[in-house]
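Counting the sequence shown from 1 gives a position; the working numbering is that position plus 558.
One or more of the hints may lead you astray.
Said to hold, decoys possible - Listed next, the in silico DSS-like pairs over lysine-lysine satisfying Cα-Cα at most 30 Å (straight line):
hint, residue 1, residue 2
1, Lys664, Lys802
2, Lys799, Lys897
3, Lys785, Lys799
4, Lys622, Lys897
5, Lys886, Lys570
6, Lys570, Lys785
7, Lys799, Lys886
8, Lys785, Lys806
9, Lys664, Lys622
10, Lys805, Lys785
11, Lys799, Lys664
12, Lys664, Lys886
13, Lys897, Lys664
14, Lys570, Lys897
15, Lys622, Lys802
16, Lys570, Lys622
17, Lys802, Lys897
18, Lys897, Lys886
19, Lys664, Lys570
20, Lys802, Lys570
21, Lys785, Lys802
Since the hints were derived computationally from the structure, they do not count as laboratory data.
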Amino acid sequence: MVSTVGLLAEIKDGERRVALDPSAVATVVSHGYRVKVQRGAGVRAGFSDEEYLSVGAEIADEAKDVWACDLVVKVKEPQPSEWQYFRPGLILFAYLHLAAEPELTKALMDSQVEAYAFETLSYPAGLPLLAPMSEVAGRAAAIVGAYYLAAGSGTLLGGAAGVLPGRVVVIGLGVAGTMAARGARGMDAEVVGVDVDLHRLYQAHQEGIVTATVASSDHAISEVVSKADLVIGAALVPGAKAPKIVKKEHIASMRPGSVVVDIAIDQGGCIETARPTSLSHPIFEELGVIHYCVTNIPGQYPRTSSRALSAAVAPRLLDLAQDLNSPKLVGSLNVSGGKVVYEAVAQSLGIS
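Kindly generate the complete structure, drawing on both the sequences and the hints.
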């Protein structure tokens, strides 16, 4: 039975979000739960400790006091220094992305934590706890892509009088990819959308989100990537490792100084040359192409991201506190009783 809820300060590199804003904490408190907030948890997102105190939360000076709560909510996956707080029966609710985190998965299993993931919850439809951050990440991808393209090949996405605009290729037109395409179009770039879903391509084209569409295939991707100034990877399989859709040879065909942004990197990345980077060291160069592969892109927009995330998470947090088997939590349980119980994660990690 849950009586205490803990809200942690994030410690991942550059992460400034908080999982619940003060208004969400007020709602949780009003339902009879004690909420312990780690001191300073919301400061970098613009929420003071005093705001949390004013809605009935308790402020805890030490992380260990928050981890001692029955249910702990946070934004990003626990970092190795936090694993010491794992214990049997602890209920954890966060973005976990376990398909790309075998060591964390083992730590959760060994400690018998009940681990619920935001990104695999599928009630009432789609991925409602992933969608808000996918929206932010997609918008940000166009911005950072344009920034590093200026530093790389010196190309302005919108072009100029007598000069062709830059070409952006977006791989996958889900929430993140659609927002990335919309952002690039807003800068007057030429945008090619790539997806396996022909209906999704039709919609994107009809709505003017892209200037052209391509049905996904290795040959088609090779052709459009070779002409791209900016490639944004946003292909996703819920819970599983992202498929490697853009191959190394595709990247090698790009003009030196071009840019790759892999939004799917927290699930392993959909671009073969991608590897995780941090907000402190966001880029690397390979094959003459600048790669931006930050695993917590929305963390650089903490006020907006925290508000959006909190609004989505708070109702499901209450469902979790009231009933661990609530149908409104379908798909979210990833690790239980020392076993991986989400099939896509188990398959990705080779766990039977």
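Verification of the hints:
{"no.": "1", "hint": "Lys664 - Lys802", "verdict": "holds (24 Å)"}
{"no.": "2", "hint": "Lys799 - Lys897", "verdict": "holds (18 Å)"}
{"no.": "3", "hint": "Lys785 - Lys799", "verdict": "holds (27 Å)"}
{"no.": "4", "hint": "Lys622 - Lys897", "verdict": "holds (25 Å)"}
{"no.": "5", "hint": "Lys886 - Lys570", "verdict": "holds (29 Å)"}
{"no.": "6", "hint": "Lys570 - Lys785", "verdict": "violated (36 Å)"}
{"no.": "7", "hint": "Lys799 - Lys886", "verdict": "holds (24 Å)"}
{"no.": "8", "hint": "Lys785 - Lys806", "verdict": "holds (15 Å)"}
{"no.": "9", "hint": "Lys664 - Lys622", "verdict": "holds (21 Å)"}
{"no.": "10", "hint": "Lys805 - Lys785", "verdict": "holds (15 Å)"}
{"no.": "11", "hint": "Lys799 - Lys664", "verdict": "holds (17 Å)"}
{"no.": "12", "hint": "Lys664 - Lys886", "verdict": "holds (27 Å)"}
{"no.": "13", "hint": "Lys897 - Lys664", "verdict": "holds (9 Å)"}
{"no.": "14", "hint": "Lys570 - Lys897", "verdict": "holds (25 Å)"}
{"no.": "15", "hint": "Lys622 - Lys802", "verdict": "violated (39 Å)"}
{"no.": "16", "hint": "Lys570 - Lys622", "verdict": "holds (17 Å)"}
{"no.": "17", "hint": "Lys802 - Lys897", "verdict": "holds (27 Å)"}
{"no.": "18", "hint": "Lys897 - Lys886", "verdict": "holds (22 Å)"}
{"no.": "19", "hint": "Lys664 - Lys570", "verdict": "holds (19 Å)"}
{"no.": "20", "hint": "Lys802 - Lys570", "verdict": "holds (26 Å)"}
{"no.": "21", "hint": "Lys785 - Lys802", "verdict": "holds (19 Å)"}
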